[in-house]
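Protein sequence lines correspond, in order, to chains A and B.
full-length UniProt numbering numbers the first residue of the first sequence as 1 and each following residue consecutively.
full-length UniProt numbering numbers the first residue of the second sequence as 1 and each following residue consecutively.
Relax, there's no trap hidden among the hints.
For the chain B half of the interface with chain A, some residues (derived, Cβ under 8 Å), not all of them:
id, residue
1, SER247
2, LEU249
3, TYR259
4, MET263
5, ILE273
6, PHE283
7, LYS293
8, MET295
It is worth saying that the hints were derived from the structure and are not from the lab.
C-beta: ideal position from N, C-alpha, C; glycine also.
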Amino acid sequence: MASASTLTKLRYRFVPDHVIGEILSKKWIDNAIPLLVLVCVVAVFGMLIPNFFSGSNLSITSRQLGEFALICIAMMTVILVGGIDLSVGSNFALGNFMTLALLNLADWPVAAAVPTVVLICGSVGLLNGVLIGYLRLRAFLTTLVTLIIVRAVVDMLLLQYVQAMSTSFYQSDIWDLIGLGGLFGIPFSFCVLIVVAIIGHVLLTRSRPGWRLMAIGGSRRSAHNIGLPVRSTVCAAYTISGMLCGLAGVLYAARLSGAGSDTGIGMEISALTAAVLGGNSLGGGRGSIVKALIGAIIVLIMTNGVLRLGLNSGSGPMVLGLTLVFAVFIDVRWLKNRDKLLNKVYVSPTYIELPEPVSTAAGAGNALALNDRLRDVEIIGLAAVESPEDVILDEDDYLYCGTRHGDIVRFAPPDYTSHEVYAHIGGSPLGMGWDKDRNLLVCVGGMGLYKIDRDRKVVKVTDETNRSTLSVVDDSRLRLADDLDIAPDGRIFFSEATIRYEMHDWPVDALESRGNGRIICHDPKTGKTHTALRNLIFPNGICTSQDGQSILFAESWACRVSRLYISGPKAGQVERVLDRLPGYPDNINRASDGTYWCAIMGMRSPALDVALRMPSFRRRMARRIAPDQWLYPNLNIGCVIRFNDRGEVLESLWDQGAENHPMITSMREHKGYLYLGGITNNRIGRIRLDGRDKTWSSFRSYWGGPNVRHAS
Amino acid sequence: MSAMLRDLADRFLGRGQAAVTVPALDGALKPNNLLEEAPIGFPAASADNLAVTETGLIYSSEGTLYRQGSCGGPASAWKHVGEPVSALAVSANDVVAIAAGSRILLIGPDGNERAELSVGSQPWAGVTALCFAADGSLLVAIGSARNGLDEWQRDLLDGGCSGSLWRIDLANGRSHQLAGKLHYPNGIAVEQDGGIIVSEAWQKRVLRLSETGKVIAQVVEDLPGYPARISPSGRGGYWLSVFAPRSQLIEFVLREPAYRKAMMAEVDKEFWIAPALRSGYSFREPMQGGALKQMGILKPWAPTRSYGLVVEFNRDFVPVRSFHSRAGGRRHGITSAVEAGGKLWVTSKGGGEVVAIPLAAGGN
Numbered sequence: 001m002a003s004a005s006t007l008t009k010l011r012y013r014f015v016p017d018h019v020i021g022e023i024l025s026k027k028w029i030d031n032a033i034p035l036l037v038l039v040c041v042v043a044v045f046g047m048l049i050p051n052f053f054s055g056s057n058l059s060i061t062s063r064q065l066g067e068f069a070l071i072c073i074a075m076m077t078v079i080l081v082g083g084i085d086l087s088v089g090s091n092f093a094l095g096n097f098m099t100l101a102l103l104n105l106a107d108w109p110v111a112a113a114v115p116t117v118v119l120i121c122g123s124v125g126l127l128n129g130v131l132i133g134y135l136r137l138r139a140f141l142t143t144l145v146t147l148i149i150v151r152a153v154v155d156m157l158l159l160q161y162v163q164a165m166s167t168s169f170y171q172s173d174i175w176d177l178i179g180l181g182g183l184f185g186i187p188f189s190f191c192v193l194i195v196v197a198i199i200g201h202v203l204l205t206r207s208r209p210g211w212r213l214m215a216i217g218g219s220r221r222s223a224h225n226i227g228l229p230v231r232s233t234v235c236a237a238y239t240i241s242g243m244l245c246g247l248a249g250v251l252y253a254a255r256l257s258g259a260g261s262d263t264g265i266g267m268e269i270s271a272l273t274a275a276v277l278g279g280n281s282l283g284g285g286r287g288s289i290v291k292a293l294i295g296a297i298i299v300l301i302m303t304n305g306v307l308r309l310g311l312n313s314g315s316g317p318m319v320l321g322l323t324l325v326f327a328v329f330i331d332v333r334w335l336k337n338r339d340k341l342l343n344k345v346y347v348s349p350t351y352i353e354l355p356e357p358v359s360t361a362a363g364a365g366n367a368l369a370l371n372d373r374l375r376d377v378e379i380i381g382l383a384a385v386e387s388p389e390d391v392i393l394d395e396d397d398y399l400y401c402g403t404r405h406g407d408i409v410r411f412a413p414p415d416y417t418s419h420e421v422y423a424h425i426g427g428s429p430l431g432m433g434w435d436k437d438r439n440l441l442v443c444v445g446g447m448g449l450y451k452i453d454r455d456r457k458v459v460k461v462t463d464e465t466n467r468s469t470l471s472v473v474d475d476s477r478l479r480l481a482d483d484l485d486i487a488p489d490g491r492i493f494f495s496e497a498t499i500r501y502e503m504h505d506w507p508v509d510a511l512e513s514r515g516n517g518r519i520i521c522h523d524p525k526t527g528k529t530h531t532a533l534r535n536l537i538f539p540n541g542i543c544t545s546q547d548g549q550s551i552l553f554a555e556s557w558a559c560r561v562s563r564l565y566i567s568g569p570k571a572g573q574v575e576r577v578l579d580r581l582p583g584y585p586d587n588i589n590r591a592s593d594g595t596y597w598c599a600i601m602g603m604r605s606p607a608l609d610v611a612l613r614m615p616s617f618r619r620r621m622a623r624r625i626a627p628d629q630w631l632y633p634n635l636n637i638g639c640v641i642r643f644n645d646r647g648e649v650l651e652s653l654w655d656q657g658a659e660n661h662p663m664i665t666s667m668r669e670h671k672g673y674l675y676l677g678g679i680t681n682n683r684i685g686r687i688r689l690d691g692r693d694k695t696w697s698s699f700r701s702y703w704g705g706p707n708v709r710h711a712s
Numbered sequence: 001m002s003a004m005l006r007d008l009a010d011r012f013l014g015r016g017q018a019a020v021t022v023p024a025l026d027g028a029l030k031p032n033n034l035l036e037e038a039p040i041g042f043p044a045a046s047a048d049n050l051a052v053t054e055t056g057l058i059y060s061s062e063g064t065l066y067r068q069g070s071c072g073g074p075a076s077a078w079k080h081v082g083e084p085v086s087a088l089a090v091s092a093n094d095v096v097a098i099a100a101g102s103r104i105l106l107i108g109p110d111g112n113e114r115a116e117l118s119v120g121s122q123p124w125a126g127v128t129a130l131c132f133a134a135d136g137s138l139l140v141a142i143g144s145a146r147n148g149l150d151e152w153q154r155d156l157l158d159g160g161c162s163g164s165l166w167r168i169d170l171a172n173g174r175s176h177q178l179a180g181k182l183h184y185p186n187g188i189a190v191e192q193d194g195g196i197i198v199s200e201a202w203q204k205r206v207l208r209l210s211e212t213g214k215v216i217a218q219v220v221e222d223l224p225g226y227p228a229r230i231s232p233s234g235r236g237g238y239w240l241s242v243f244a245p246r247s248q249l250i251e252f253v254l255r256e257p258a259y260r261k262a263m264m265a266e267v268d269k270e271f272w273i274a275p276a277l278r279s280g281y282s283f284r285e286p287m288q289g290g291a292l293k294q295m296g297i298l299k300p301w302a303p304t305r306s307y308g309l310v311v312e313f314n315r316d317f318v319p320v321r322s323f324h325s326r327a328g329g330r331r332h333g334i335t336s337a338v339e340a341g342g343k344l345w346v347t348s349k350g351g352g353e354v355v356a357i358p359l360a361a362g363g364n
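Chain A on its own, in the form it takes in the complex (with noise of 0.2 Å):
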């Protein structure tokens, strides 16, 4: 047994299951099927087809693929936007015989040419744009009609001028540097294939016309309701589709310099097959120009090895058409079950092994024995607060705490029946803290951290840190700041509990109980914001010790308290304080009598110590139950505990029914009472500490202050 638990944990230690669902919830991620296939469909042919890696047949193969991706992302482009172009073929069968036709007959300089055939064919484009985009015809009938009228255009062209074209030889070194050189031994029409493809990739993702592109593809009508350019930008997706066959006609007629009937024949429907095998949602909205090259590849490569197995000539077509099939199959199924699939693999539990809980029986005779001390709470400010995580006071007894509606709501003292909103600040405020100059800090779960000034303005203090180097998912921004304390040098340490899950099923990280989060330090005076600890488990109360060299911080999910020193000889090194917890530990704050207070948002359950043992069975609980049938953490009950800074719990104040003030995330000591919040509550609570300081208060325990203001 014991070797078998040896072996899960080194296996949860070593295969990062998390991986897995973050991999899943990139976008990227959806070029992983079209990828794959490529690599089969590269080996197989090379493995059938003899040469096939060697130098010409790379060039070649290169030099064809650089008209036929252009084509390719001509049709992804107009995917994209939600609609199709069939008049790609004869748009660059019509490309490719005007290059010519300027060239030789007309004798225009090359300069010229490639431009005006350009514009030319992105006139076509420009008429399916005007007819699909202005006057809203459906995209596969106009295409179809003008994938009919251009090729006619052509064919009448081809009767007469054909003669005249085949007997007359256009000569320039420029011409032949585009049919038949290249650049650094790479073919031209591969060069071009390249610099549009960056351009295509930084415009379609990075820049605003891309993103309208995207938008209006994946929902036309959204993208309309909020005052997208729908028409507009449709009819320009057509227009670009139009000059990228331009193009590839006129590197096709670079190329082989020859005009015939045949040329572009069934090219809509290699164009199709290639975007749709590269993953490119037929219904728009999801597409890439890696993932029309990415088809453009796989589509070449097989037209091209058909035809050199020497296979009878339906079968080159069949290929196709079975490929395209299966492609639009993947498509679907991916598309309907990607989401799935990712809720179902994201809850990754890790093993994890609490030590035995010290006693909370009743008659156990220690410091976290049960009783009933916090029984007679005061309520304030009930139904009036939902979810005031942290509270705080300030030197005039204002109690100040955070809603879940993004308030800070601010009671008047001295008996608290009155609020009133002190400024909103938006996402879930949790832990709170003052600065040396009074103003109020505040952790956002959602956000990031703010600070309220003294005029109530709400700044932004910073929402992001360093990315660590192996993360898959962009760890840099703040999902869940949680709780912070301020150093006597004015650095801001605050903690994120989690950064694989967001604000509202924060609760969900105790069934991975991995170590998802982290303490962030930020540096007002250089405005730098750094990771100082990662892989902490939950990370969730704060508090800088009262000697002011360490910052103790709570783990909630291992029920332990650790110290992190910050200067003097141990700087950044960390010591557990406390540990066997009965419960998960949330904000810790100072005491009066050089303690600290540590609250204790929920208990320990027996049964859930024995599944954290086992991740496999949080794994299929995870994948086979409802969410609210999970096996949680009880957080309906919590105490609040107090100990010193070696470790030892003083005392505890519990309420055993838990009805007055049902959960406990955070208190404040301030001049002989105790203010309790709660995440889950709709209430504050504060109860009268015996034999304390009377004037003690947590800002002059940070900042000084006049000593006794209030003779008690």
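Dock chain B against chain A, hints included.
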């Protein structure tokens, strides 16, 4: 081979046998608060085993039997049995059969043992239900041969199917087994034609057996909870007490042998992930996500390990109406229910209470 592969695939994908689906409380079982809010309730620790006699009701509270007028009024202690009473039945001529410990006692209306009747010399341990047949013989349900009555949760988690049904001829004390390998038979009723209705708790169903113990039909299947005693209703149908709810988590744990073994070995049984007669009394009990209180309120539809439910079936075993005490309520763990004096009398073993619901109240 293919079956094995299919099981493996099912286990991986959570289909077939590995699917954890729980029937919804729907139709006639739509939740209400009629049981929780019923006006009449008398405290009685571990109240159980309600039965109707000619002079009123009797029920047990641990080792003591109480008499209770069927119109209400205070209960009076009637007989001390010593050991906790596990089952009770009253015959047509007011003979009371009491199962306690490993004995079955037969008592007349005067409280004295009926010496002329006998249950034989063998010990009768683990009796979960008793019922007199029309011919005067006594039907006895043994919940589990492997686990004691207070270990019923272990029996469920072990997949217990060692229950049995017996018939004792009281005239000569001879007994014979009618059916074996039952999944915790927990309630018996007898039909007009002599057929026997048995609730099988771990299979969440009710069976109809012939007089000789042959299974004829599964009259109720896939109940949303674990059934207990059955008693006749005033309209020719039946009242079925449901002592604990099913939940996805429990169904899931039942399919996880490694976790189940570790949990049973290391955790006290009141803190197991298992159905319970009462819950919410200790923070060490397992809690499920939906039971997280928000703004100090536990949602009544929260997942819970205990529940209070009585269902009325008509004579064709179609559910007609039900009375509920939902998550966070007190009147949980309903083990027996009888209809008398225009009221439905119910024992909430988990809540330690005898409750009466005026039947004019309806229910749905």
